[in-house]
Structure formats: structure tokens, C-alpha cells
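Top line first, the protein sequences correspond to chains H and Y. Okay, so the first sequence: first residue is 1 according to the working numbering, each after it adds one. Okay, so the second sequence: first residue is 1 according to the working numbering, each after it adds one.
Misleading hints may appear alongside valid ones.
[Said to hold, decoys possible] Below, a list of computed lysine-lysine pairs in the DSBU-like style, where the Cα atoms sit at most 30 Å apart:
#  : chain 1 : residue 1 : chain 2 : residue 2
1  : H       : K83       : H       : K155
2  : H       : K27       : Y       : K73
3  : Y       : K27       : H       : K57
4  : Y       : K22       : H       : K61
5  : Y       : K151      : H       : K73
6  : H       : K59       : Y       : K163
7  : H       : K22       : Y       : K33
8  : Y       : K61       : H       : K164
9  : Y       : K59       : H       : K57
10 : Y       : K59       : H       : K33
11 : Y       : K57       : H       : K59
12 : H       : K101      : H       : K59
13 : Y       : K30       : Y       : K57
14 : H       : K72       : Y       : K151
15 : H       : K59       : Y       : K155
16 : Y       : K155      : H       : K57
17 : Y       : K73       : H       : K151
[What the hints assert, rightly or not] With beta-carbon atoms standing in for the labels, derived distance ranges:
#  : chain 1 : residue 1 : chain 2 : residue 2 : range
18 : Y       : N35       : H       : N31       : 40 to 48 Å
19 : Y       : N176      : H       : N31       : 56 to 64 Å
20 : H       : N29       : Y       : N74       : 55 to 63 Å
21 : H       : D125      : Y       : K61       : 38 to 46 Å
22 : Y       : S77       : H       : D125      : 54 to 62 Å
23 : H       : I32       : Y       : N175      : 42 to 50 Å
24 : Y       : K25       : H       : Q102      : 47 to 55 Å
25 : Y       : N195      : H       : N87       : 27 to 35 Å
26 : H       : T79       : Y       : I128      : 13 to 21 Å
27 : Y       : S2        : H       : N153      : 44 to 52 Å
FYI, nobody ran anything at the bench for these hints, they're computed from the structure. C-beta atoms are modelled at their ideal positions from N, C-alpha and C, and glycine is treated no differently.
Protein chains: 2
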Amino acid sequence: MSNHIDFYFDIISAYSYIAHKKIQKIKENKNIKFNYMPIFLGGLHNLAEINSPAFNKYKIKNIQNDCELVSKKNNISFTWNSKFPINSLSIMRGYLYMNEKQKENYLDIFFNAYWRDNLDLSLEDEVIKLLKILNINSEVFFNGIKEQSIKNNLKNLTNDAFKKEVFAAPTFVVNNKIFWGQDRLEYALDELSAN
Amino acid sequence: MSNHIDFYFDIISAYSYIAHKKIQKIKENKNIKFNYMPIFLGGLHNLAEINSPAFNKYKIKNIQNDCELVSKKNNISFTWNSKFPINSLSIMRGYLYMNEKQKENYLDIFFNAYWRDNLDLSLEDEVIKLLKILNINSEVFFNGIKEQSIKNNLKNLTNDAFKKEVFAAPTFVVNNKIFWGQDRLEYALDELSAN
Chain H
1 MSNHIDFYFD IISAYSYIAH KKIQKIKENK NIKFNYMPIF LGGLHNLAEI NSPAFNKYKI
61 KNIQNDCELV SKKNNISFTW NSKFPINSLS IMRGYLYMNE KQKENYLDIF FNAYWRDNLD
121 LSLEDEVIKL LKILNINSEV FFNGIKEQSI KNNLKNLTND AFKKEVFAAP TFVVNNKIFW
181 GQDRLEYALD ELSAN
Chain Y
1 MSNHIDFYFD IISAYSYIAH KKIQKIKENK NIKFNYMPIF LGGLHNLAEI NSPAFNKYKI
61 KNIQNDCELV SKKNNISFTW NSKFPINSLS IMRGYLYMNE KQKENYLDIF FNAYWRDNLD
121 LSLEDEVIKL LKILNINSEV FFNGIKEQSI KNNLKNLTND AFKKEVFAAP TFVVNNKIFW
181 GQDRLEYALD ELSAN
């Protein structure tokens, strides 16, 4: 029986951003534990032989409209990123490079930069600005995320997620049950409260 | 401004079945008009260059679990069809072959047979049993659905849906806005009530 919700996310995923914002609101009012489980969504899609919706023009237009609607209904500030998609590998490796104290801030700042402030995070200059806010030396950061151990870490976490039958993001896991999509956070909470 | 909700569906789609049941419950209590818009989902997916989730083992397992959960939460009788997927072309052509009085019953009976009673509707014998309940001569039916006009009708309806940017099912359309998925029926209702 789980005493928490595992939350699988990639910063490139707009619905992961929405889920993250919903989680933050829940945590303001309730004592519910969420374990943040970073994955590389592109790699996960490959493992599951899923064509990313990012590359289908009909789906992606729908996702944009839908994210705007869902955000509005949930009072979440949201702007569709005009440079979507970008490769999220460096950003997600960066999350793993942070120490436990830095991780939460890093995630907030990068999520907001991409899905609220419409910044182009494929540009090193934009990333450097965010690192400054976090008081992180950018040279150390860019060297750090190239370390083999960091690369392996993200790869292993993504493989581990897939072994647990997570195939996309955001995904919530409670009692080994998979709840895919920000729409299903409510169901994950129900599953947890039934424990 | 729409005075109704267009509901695009294919009987092969489990979420279309769930949406249909939700619509029926809404109509018991509220005076809201739904236009039933039949399409051939396989054809629509082809037009939109979408790989059907029916053919991805990870997605389909998730859809099965999710349909069971959503049905339970909404008090809808549901059984995942053990013969999913089948080709829905004949069943959807059959819907178009019905006159306006027959259509509603036909849809109910075929939806229930496939997504509640787990019948194998790829078997002609099972279809004949359902036609008997509807008091429809099966020989006339099987000849009727082979008529070129019926074939063209389903093809044109599917093409028309795609021209309106419908790319999957179930989809609700209000004020030319697309709401994809049974989860978004609520949003379509909001859009309608804002008129």
C-alpha cells in the first residue's frame, strides 16, 4: 500500500506542468506526499513505441487549446510555448544534477520559464539567466550535466518507469496502479485515500 | 453560436460509449440538444495520420483500466470487449441505414452489446440476433449496408468531420470549438451554456 503518490514528469510536457501546479495547490491544503519522479519523455515514448503527439499537427493543436482551457479552469497561468517542442534532455539532466534542496526551486523556475513565460530554453543564454536566479554557476552546471553518472541516472529512471508500465507523462502511480494524464490526479488521490 | 452539441462517435470507441451514456443521463435532467454525428474512426485516424491507440499494447492496457475506472465513477455498466478491436465499418454503415426512428435504438443496442455485454460483433450471427431485437430483417440489412450510397455517406461524414478538425472520437463540437474525449463533455456543456 502506498503512503504517497509517485508523480512522473518531464519539463517538456505541458500537462506535467499543469499537474505540478495542481499538486502544489493540493499540498497547500492537505498533507499528501508526492514523490517527484523525473523521466525523459522522448525516451519513454520510444520504449513504448508511441509517436509523440508533439509531432502530429492535429493532436498538438488540440493539446494547445486543451491546456489553455484546463489552465483557465484551474486558475493556472499558462502560455503555450512558441518554441515547442525542444529537446528536454539537458533540462532534465540538470534537475538530477541539483541537490535535494535545489530540486524544487529548479523545477519551479524551469517549468514557469517554459510553460508560463514562453522562454526558449533551447538557448543557452536563457538557461544561464535561470541558473543565475538559482545562484548556480552555469559553467559548473553545463559540465555537470555532461557527467556520465547524470546521463545514466536519467536513462535508468526512464527505464525504471517503463518497467512499472509508465509509458507517458504526467503519470501518477499509487499501489502500483497507473493513472495517466493530469485529468487523473483526482483518481490517484482517491486510490491513496482508500488505503 | 450553437444551440446544441455535435457529438462525433464510432461504436468501436469505448470512450464514445461512455460519452453516449453520460449524454443520456444529461438528457434525463436537462433540455440540451445533442446531434449524433457518426464517423468511421479508422478512416478519421488515417486522415489525421494518427496511429490508433488500439494497436499500442501499453496505451490499450491503460485505456481498458481507465474505461473501467471512469465507468465505475459514473455508474455506467461497462465490460472491456475481449474481441477489441474489430472493424466497425459494417456497424457504422448499419447506423446510417436506419431511419431516424430506428437510429437511437440501434445505437443503444449495438453500444450495449459491444461495451456492456462483451459480444463479438464481428460475427454475423451476433449481429443478426441484435437486428431481431430491433425487428429488422437481416437479409435486407446486410444488402442495405452494401449500397454505394451508404458507403459514400459514411465516407463523406468522416471527411466532413475531418474538415472541421475533428481527428478522433468521441469529440464534441460547440461554436466550432473542438472538445476531444469523454473527459471534455463538461467543457462542451460550459461552452454551450455561455452562449
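Outcome of the hint check:
no. : hint                       : in the structure
1   : K83/H x K155/H             : holds (25 Å)
2   : K27/H x K73/Y              : holds (24 Å)
3   : K27/Y x K57/H              : violated (34 Å)
4   : K22/Y x K61/H              : holds (26 Å)
5   : K151/Y x K73/H             : violated (41 Å)
6   : K59/H x K163/Y             : holds (14 Å)
7   : K22/H x K33/Y              : violated (33 Å)
8   : K61/Y x K164/H             : holds (13 Å)
9   : K59/Y x K57/H              : holds (20 Å)
10  : K59/Y x K33/H              : holds (27 Å)
11  : K57/Y x K59/H              : holds (20 Å)
12  : K101/H x K59/H             : violated (37 Å)
13  : K30/Y x K57/Y              : violated (39 Å)
14  : K72/H x K151/Y             : violated (42 Å)
15  : K59/H x K155/Y             : holds (21 Å)
16  : K155/Y x K57/H             : holds (22 Å)
17  : K73/Y x K151/H             : violated (41 Å)
18  : N35/Y x N31/H: 40 to 48 Å  : holds (47 Å)
19  : N176/Y x N31/H: 56 to 64 Å : violated (44 Å)
20  : N29/H x N74/Y: 55 to 63 Å  : violated (26 Å)
21  : D125/H x K61/Y: 38 to 46 Å : holds (43 Å)
22  : S77/Y x D125/H: 54 to 62 Å : holds (57 Å)
23  : I32/H x N175/Y: 42 to 50 Å : violated (38 Å)
24  : K25/Y x Q102/H: 47 to 55 Å : holds (49 Å)
25  : N195/Y x N87/H: 27 to 35 Å : violated (42 Å)
26  : T79/H x I128/Y: 13 to 21 Å : violated (56 Å)
27  : S2/Y x N153/H: 44 to 52 Å  : holds (51 Å)
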